[in-house]
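Peer 1: Sequence:
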Amino acid sequence: MTSTVSRRCKGAFGLVPNMFRAVAHSPAALTSMWAQFGALGGGALGGEIGEQIAVAVADRNRCDYCLSAHTLLGKKAGAQSGRSDDPRTDAVLKLATLNVFTNYLNVALDVPVDFE
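Going left to right, the sequence shown walks through residues 11 to 126 as this note's numbering numbers them.
Everything labelled a hint here was simulated from the structure, so no lab data went into it. In this text, a Cβ means the ideal position worked out from N, Cα and C, and glycines have one as well. All clues given are correct.
Ranges between beta-carbon positions, derived for each pair: (1) D69 <-> F47: 15 to 23 Å; (2) T14 <-> T107: 20 to 28 Å; (3) L25 <-> V102: 23 to 31 Å.
With a straight-line cut-off of 25 Å between C-alpha atoms, the simulated DMTMM-like cross-links for lysine to aspartate or glutamate are: (4) K85 <-> E126; (5) K86 <-> D74; (6) K85 <-> E58; (7) K86 <-> E126; (8) K20 <-> E126.
I would like the entire structure built from these sequences, with the hints used as guidance.
Peer 2: Here it is in structure tokens:
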């Protein structure tokens, strides 16, 4: 894992989540995943709605890792406001790319849950 992503993970989550450790063997996947998290952090959805979408997608895909992580993050998110004009684009991005990718990754690699 690159030291930059490791530092940013620790800053954002207080630790380097197992999901990031699991994808670290692929620099392209790690870079892409971190960039999507960053891009969606400033999007139109806001934290609370974004986490609700993530929980729904994780539940549908039976991803215990993401279900646990996004349930916890949703409690912390509160009612954050977004910054872009059209939440539909951000919702599709979150639903169709980031959450599906992370769900499939965690299920396929059987990543241990580190968010309780």
